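Here the protein sequences line up with chains A and B, keeping their order. With my numbering applied, the first sequence closes on residue 115, and no number is skipped along the way. With my numbering applied, the second sequence closes on residue 1115, and no number is skipped along the way.
It is worth saying that the hints were derived from the structure and are not from the lab. Take every hint as true, because none was put in to throw you off.
Sample of chain A residues with no beta-carbon within 10 angstroms of chain B, all distances over it, derived:
| # | residue |
| --- | --- |
| 1 | Val11 |
| 2 | Lys14 |
| 3 | Leu115 |
Below 25 angstroms or equal to it, Euclidean Cα-Cα: the simulated SDA-like pairs (lysine to any residue) are:
| # | chain 1 | residue 1 | chain 2 | residue 2 |
| --- | --- | --- | --- | --- |
| 4 | A | Lys41 | B | Tyr1039 |
| 5 | A | Lys41 | B | His1010 |
| 6 | A | Lys20 | A | Leu74 |
Values in this document were obtained by computation on a predicted structure and should not be read as measured data. The C-beta atom is built at its ideal place from N, Cα and C for all residues, glycine as well.
Each chain is listed here by its residues.
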Amino acid sequence: GAVVSQHPSRVICKSGTSVKIECRSLDFQATTMFWYRQFPKKSLMLMATSNEGSKATYEQGVEKDKFLINHASLTLSTLTVTSAHPEDSSFYICSAWDGPTGELFFGEGSRLTVL
Amino acid sequence: AQSVTQLGSHVSVSEGALVLLRCNYSSSVPPYLFWYVQYPNQGLQLLLKYTSAATLVKGINGFEAEFKKSETSFHLTKPSAHMSDAAEYFCAVRWYGGSQGNLIFGKGTKLSVKP
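All chains, please: the whole structure from these sequences, using the hints.
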């Protein structure tokens, strides 16, 4: 099946710095990708929809200035957590929509720890 | 508000025993329904999905789920549990007209398998 890769899988940063997480569709083109956040022992929460070549659509309550999303190509979307704080520590997961198959494929997730 | 309820945050079974993970949705209109599995520090893998075709859906790893409109349920079952089935399982729904990635996830059920 199709593969979606996230990088890095784990990142530790200091408070106030910015962190970029990449999401790549390895063997298909994805015009639409999605970013989720998963809190410990909680479900996934959709943060935003990333559309290639246009601005991301953010869910209610998600700070667009803190979580910058860029979808510059059909195989890459990035999530940048700006001025990270300890409360931003979480597991971030992306998914990519494979139009021809109608399938949604998930990345392996990226664990962010802000000290 | 539309929601997904997974009964039981933790289910423990013995190896070889029946696995039953419960999922109910709130909607008068049957949605698309999904079951995903998540292993520690990994993304989500699709087990199976219901898209208004057959009500009994067979998935990977011997899992299956039955859509019951009258009960608004989509419970996941496996006749004989294996140690490798130990993981977190998420039920998710997507309503007609919703974006492909706008899945509403249940809170998850952690499955433990005892030897």
